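So the sequence lines, in the order shown, correspond to chains F and B. Once you know that position 46 of the first sequence is 45 in numbering that gives the first Met the number 0, the rest is easy, because the numbers rise by one and skip nothing. Once you know that position 8 of the second sequence is 7 in numbering that gives the first Met the number 0, the rest is easy, because the numbers rise by one and skip nothing.
Among the clues, some could well be false.
[What the hints assert, rightly or not] Partial selection, computed: residues in chain B whose CB lies under 7 Å from chain F:
hint	residue
1	ALA47
2	PHE48
3	ALA56
4	LEU62
5	LEU63
6	ILE64
[To be verified] Example chain B residues on the side facing chain F (calculated, C-beta under 10 Å, incomplete):
hint	residue
7	ASP1
8	ILE15
9	VAL18
10	ALA52
11	LEU53
12	THR57
13	PHE72
Hints listed in this document are in silico derivations from the structure and should not be mistaken for laboratory results. Note that this is a predicted model, so its numbers are computed, not measured. Cβ atoms here follow ideal geometry from the backbone N, Cα and C, with glycine treated the same way.
Letter by letter, the chains look like this.
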Amino acid sequence: MATENPLHQFAIERLAEIHVGRFDLSFTNSALAMTAAAVIITGVMVVAGRQASMVPGRLQSAVEMAYEFIANMVEENVGQEGRQYFPFLFTLFMFILLGNLLGMIPYSFTFTSHIVVTFAMAATVFLGVTLIGIVRHGFHFLSLFVPQGVPKLLLLLLVPIELLSYCIRPFTLSIRLFANMMAGHTMLVIFAGFTASLGIFFFAPIVMDAAIVLLEFLVAVLQAYVFTILSCLYLKDAIHLH
Amino acid sequence: MDLAAAKMIGAGLACIALVGAGVGIGNVFSALINSLARNPAAQVTTWAFLGFALAEATGLFGLLIAFMILFAF
Chain F
0 MATENPLHQF
10 AIERLAEIHV
20 GRFDLSFTNS
30 ALAMTAAAVI
40 ITGVMVVAGR
50 QASMVPGRLQ
60 SAVEMAYEFI
70 ANMVEENVGQ
80 EGRQYFPFLF
90 TLFMFILLGN
100 LLGMIPYSFT
110 FTSHIVVTFA
120 MAATVFLGVT
130 LIGIVRHGFH
140 FLSLFVPQGV
150 PKLLLLLLVP
160 IELLSYCIRP
170 FTLSIRLFAN
180 MMAGHTMLVI
190 FAGFTASLGI
200 FFFAPIVMDA
210 AIVLLEFLVA
220 VLQAYVFTIL
230 SCLYLKDAIH
240 LH
Chain B
0 MDLAAAKMIG
10 AGLACIALVG
20 AGVGIGNVFS
30 ALINSLARNP
40 AAQVTTWAFL
50 GFALAEATGL
60 FGLLIAFMIL
70 FAF
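If we strip away everything but chain B, and leave its shape as in the complex, we get:
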């Protein structure tokens, strides 16, 4: 198979990791909304943003592999 074609396919496959990021971020904000609905005075928003960044980071590790396949190899 052509290297360029294999790179495209590899990059596309690596982007499937972003599904996990989507699910994780949805979980984080669902928990935030639930907890604020039960107790609006709870100081959880800061931790929610930290959780969002960490969940997004794992998705971006997959995106990083996609970029590396496309442009570094």
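Bound-form chain F, shown alone:
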């Protein structure tokens, strides 16, 4: 059965070989997708703001909706002190959103389907949030792991659990995005393979595949939203410490 290996779509291919000393800095298909995402986001934002009018046109309206969506999310979940972190969270959301959506184009590459990419983003968020908490609160930051109103004996059990669940955050954040993207795209390839191999009943996998493509679009947008809102909530934890 000549079905394509479903994991072949995640292979990194070098498009331009660049070697600096011992480092391989080749421009890969992943880098191309990331560059495309960055260029598209920047281009749309710049063009939309070019002739900013009080009654917005379609593009300006769409960009304003995206801006307000994240601005409301940040203000609602982090409060007024969180407004200074809005540019980072907006960038994070748009980058992941474009990354997921660009992967839905046939024969393109989903750069968020690699754990190294999502872990880099999640580690940045985790380290940044922890540093913000430590700079803001000093040693009092450790009170994050001590819930209020707990009997002293239970603290012996609870603090390690709280510590563990805090330290596991970058892993769950990154694995959630990476596993969703990888599993979704693998499923698409496998169902498409069924279409070829079932012969006369080809319409059944096609209907299933169409439904899964719809689901993948939903998951693409949802995972970007979930990554961002969880980053907002972790930031709120660090700033407000309960």
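Given the coordinates of chain F, assemble chain B onto it according to the supplied hints.
Chain B only, in chain F's frame:
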């Protein structure tokens, strides 16, 4: 036992974790439907999607182990 055969069995067993994901997602949307039926003006849909993603994530952690068994070891 053959390593390849053991990998297949391990991956299959790891996928049992997705039962939990199914139950969890069903719970989330059942609560959403119930609350919207009682109070259609409630702004809970956003939180329902967040809950769905978090419940699905735990299932995907199991799927991740299945993939790791199959392709990384």
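Q. Which of the numbered hints are not met once you compare them with the structure shown?
A. 1, 6, 7, 8, 9, 13
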